[in-house]
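Each chain is listed here by its residues.
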Amino acid sequence: MNEHESRPLPDQKISLKALTVWRIASGIEFLLFALAPFAYWWLSNTVEFLPFWIIYLLAVAWLLYGLLNVVLLPKWQWKRWRYRIYENEVELYYGVIVRRRVIIPMIRVQHVDTEQGPLLRKYSLSSVKISTAATTHEIPALEESKADEVRDHIARLAREADPDE
Amino acid sequence: MSEFKRQHPISIFVSFFSNLKQMIITLVVLFFFGSSQTRGPWYYLIVLGGLLVFSFLSGFLHWLTFRYRLEEQELHIRHGLIFRKKRFIHRDRVQSIDLNAKVIQRMFNLVEVRIETAGGGEEPEFRIIALNKNEANDIRKELLYGKKKVVKNEEDLSLNAESTDEDQEAFEDLEEVIEEENEKEPDYKWSLSTKRLLIAALTSSGIGVAATFVAAIFSQFQQFIPETWYETAVGFLIESSIAFILSFIIFVVIVAWMIRFVSTVLKYGNFTLEKTGNDIVISRGLLERRQLTLNKKRITAVRLVQNVLRQPFGYTSVYVESAGGGTKDEDLSTILIPLCKEKEVMDHLEAIAPEFSFERPMSKLPKKSMRRYVIRLTVPAILVASFLTYFIDYGYYSFIAILFALGLGYWQYKDAGIGVNDRFLWMRTRKFARTTVVVPKKRIQTIEVSSNPLQRLNDLTTLEVSILTSITGKTFALNHLSEQQSIKYFTWYSYEEPTDNKKRDDEED
Numbered sequence: 281m282n283e284h285e286s287r288p289l290p291d292q293k294i295s296l297k298a299l300t301v302w303r304i305a306s307g308i309e310f311l312l313f314a315l316a317p318f319a320y321w322w323l324s325n326t327v328e329f330l331p332f333w334i335i336y337l338l339a340v341a342w343l344l345y346g347l348l349n350v351v352l353l354p355k356w357q358w359k360r361w362r363y364r365i366y367e368n369e370v371e372l373y374y375g376v377i378v379r380r381r382v383i384i385p386m387i388r389v390q391h392v393d394t395e396q397g398p399l400l401r402k403y404s405l406s407s408v409k410i411s412t413a414a415t416t417h418e419i420p421a422l423e424e425s426k427a428d429e430v431r432d433h434i435a436r437l438a439r440e441a442d443p444d445e
Numbered sequence: 007m008s009e010f011k012r013q014h015p016i017s018i019f020v021s022f023f024s025n026l027k028q029m030i031i032t033l034v035v036l037f038f039f040g041s042s043q044t045r046g047p048w049y050y051l052i053v054l055g056g057l058l059v060f061s062f063l064s065g066f067l068h069w070l071t072f073r074y075r076l077e078e079q080e081l082h083i084r085h086g087l088i089f090r091k092k093r094f095i096h097r098d099r100v101q102s103i104d105l106n107a108k109v110i111q112r113m114f115n116l117v118e119v120r121i122e123t124a125g126g127g128e129e130p131e132f133r134i135i136a137l138n139k140n141e142a143n144d145i146r147k148e149l150l151y152g153k154k155k156v157v158k159n160e161e162d163l164s165l166n167a168e169s170t171d172e173d174q175e176a177f178e179d180l181e182e183v184i185e186e187e188n189e190k191e192p193d194y195k196w197s198l199s200t201k202r203l204l205i206a207a208l209t210s211s212g213i214g215v216a217a218t219f220v221a222a223i224f225s226q227f228q229q230f231i232p233e234t235w236y237e238t239a240v241g242f243l244i245e246s247s248i249a250f251i252l253s254f255i256i257f258v259v260i261v262a263w264m265i266r267f268v269s270t271v272l273k274y275g276n277f278t279l280e281k282t283g284n285d286i287v288i289s290r291g292l293l294e295r296r297q298l299t300l301n302k303k304r305i306t307a308v309r310l311v312q313n314v315l316r317q318p319f320g321y322t323s324v325y326v327e328s329a330g331g332g333t334k335d336e337d338l339s340t341i342l343i344p345l346c347k348e349k350e351v352m353d354h355l356e357a358i359a360p361e362f363s364f365e366r367p368m369s370k371l372p373k374k375s376m377r378r379y380v381i382r383l384t385v386p387a388i389l390v391a392s393f394l395t396y397f398i399d400y401g402y403y404s405f406i407a408i409l410f411a412l413g414l415g416y417w418q419y420k421d422a423g424i425g426v427n428d429r430f431l432w433m434r435t436r437k438f439a440r441t442t443v444v445v446p447k448k449r450i451q452t453i454e455v456s457s458n459p460l461q462r463l464n465d466l467t468t469l470e471v472s473i474l475t476s477i478t479g480k481t482f483a484l485n486h487l488s489e490q491q492s493i494k495y496f497t498w499y500s501y502e503e504p505t506d507n508k509k510r511d512d513e514e515d
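Chains as they are written, first to last, in the working numbering: chain H, 281 to 445; chain X, 7 to 515.
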């Protein structure tokens, strides 16, 4: 398309291991939700008037949810996620259902952090959090060393940028 | 300037009444919504007495333990009964100082000082609830402008007039004195005329909120009105329930309107705006006086709001967003001008914040976005109307709402617009009221272009602009721009040089 020539999409992808991490996380969630059909099974045994067939409905919903949340969404999400760090700004592009494209100028960056939860740490990944005075943005999963590099890079550029423009 | 001082003893009553007010509100809520068990009158008397004593005691202890001392450029505060706290507020950390006076304070010529400090911490806001006016003004001056102590009388000056060095100093001091005097003569002054105040009150928005409130109260009241009254009064209306509902609605709207009228008059009565150098001082309120100081350099956006009642008469109100300052009841913004003619806005801005005064040509949204605006409002309206028609007698009247939805959707599309020059971006949107927001490029924190699946069907996007207001972020969004438009403003905001390809193209040209 025409307008994309004047402004190319960001070209850096996030770590492929993010896919695994996201799948594990939503897999755990998926297993927790398995409690819902079981709970209903127990309920229908104790309460007379609850029809049994609803349990099939719940099970199907649960499986579909799992398919979407564990298999498809992480893949789509990973495919979409892009970022790029320019000299004067950071650009992000992400989102499956709602697609977002954001510019964060270096002079507006107030602080940059890297964060890891237990899962990210296990896969030696880190997320980078960029805060401005008004908003916070996150690059969700980069290789630890890469994340540190990005963080320091943004921090340095943000420091150098002249806030009075 | 050296002794720790307590507040004016009236502060006891100020906090007494504000405590009491809160407790009574809680009680009323409990009374209305709680269980309707009847207890003896003694029970209520004891509860009430307990509350009175408790409120008074806490007010008294607050007065007793709260002490302050004004130093050079710094305010020291000690407070707390069990946990003693000390707090130093330095001039550099002060974001804004407001002077407020509720009715009690006004009776005794006192004010409440509200100091907002930067960097938040646990308490970004600090209040001294009762001080006499001079004292409060001293604090305000010291923390806003305070530099060195201002001299002296002329004799001092003449004594010092011997050596050149001291001469210099004396001269500077003189200048300071002059500056001080200048402070008292504002560069620009504006006040809301009585006629405008009344118009503002008549056309004030927020009737919806008031109406819900009134309706809630009246539905409660029905229990208390004796059955027989009720039946004679509205009996004939009940026959035709639609007339009853309509008259109830009209009644509620009128009462709500009156409430809004009175509250607007009280809020914006005696509104004056004075600008001195970079400081904009706004005073307002009939019973409860508020005075807020705003630094022109801290303004992050200007917003013109025209509600449906004001627009036909060409009236508008002007709000500003600023870093620091801002009140909760105005969505963290500050009202700059409660009501003026649309064509006067330019002149006011020219005088108050000249950088915001310029022509704002709007570029419109593409035709295809009209459909999205209309559909987004009409589909829910149709759903609700069908639901009502199915379940309620006369429910089909609600199909009128669909016409409203169609009209509003079209109107929203027609009014939507956006524009930029090299230093500013402006957007016009309508929910119900038409809002134009003007943001300097260097105040924009981030810009975001997003699209949901429905928008993508037509290559439409939403543009979101985030700025800082008060101490948090605020995002203004314009819906359904064409993708080309969005990317244009996206690149306008970009701090990067145009890409290499483009440069080469330019060179070839």
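Derived from the structure by calculation, the hints contain no laboratory data.
It is possible that some hints are incorrect.
Taking lysine-lysine and the DSSO-like style, the derived pairs with C-alpha atoms no more than 27 angstroms apart in a straight line are [stated by the list, open to error]:
(1) H:Lys402 x H:Lys355
(2) X:Lys147 x X:Lys303
(3) H:Lys293 x X:Lys147
(4) X:Lys448 x H:Lys409
Taking CB as the label site, the calculated pair distances span [to be verified]:
(5) H:Ala319 x X:Tyr49: 40 to 46 angstroms
(6) X:Thr481 x H:Asp291: 54 to 60 angstroms
(7) H:Phe332 x X:Tyr396: 27 to 33 angstroms
(8) X:Thr218 x H:Leu330: 34 to 40 angstroms
From the three backbone atoms N, C-alpha and C, an ideal C-beta is built for every residue, glycine too.
Structure versus earlier hints, numbers of those that do not hold, lowest first: Of the numbered hints given earlier, those the structure breaks are 3 and 6, listed in rising order.
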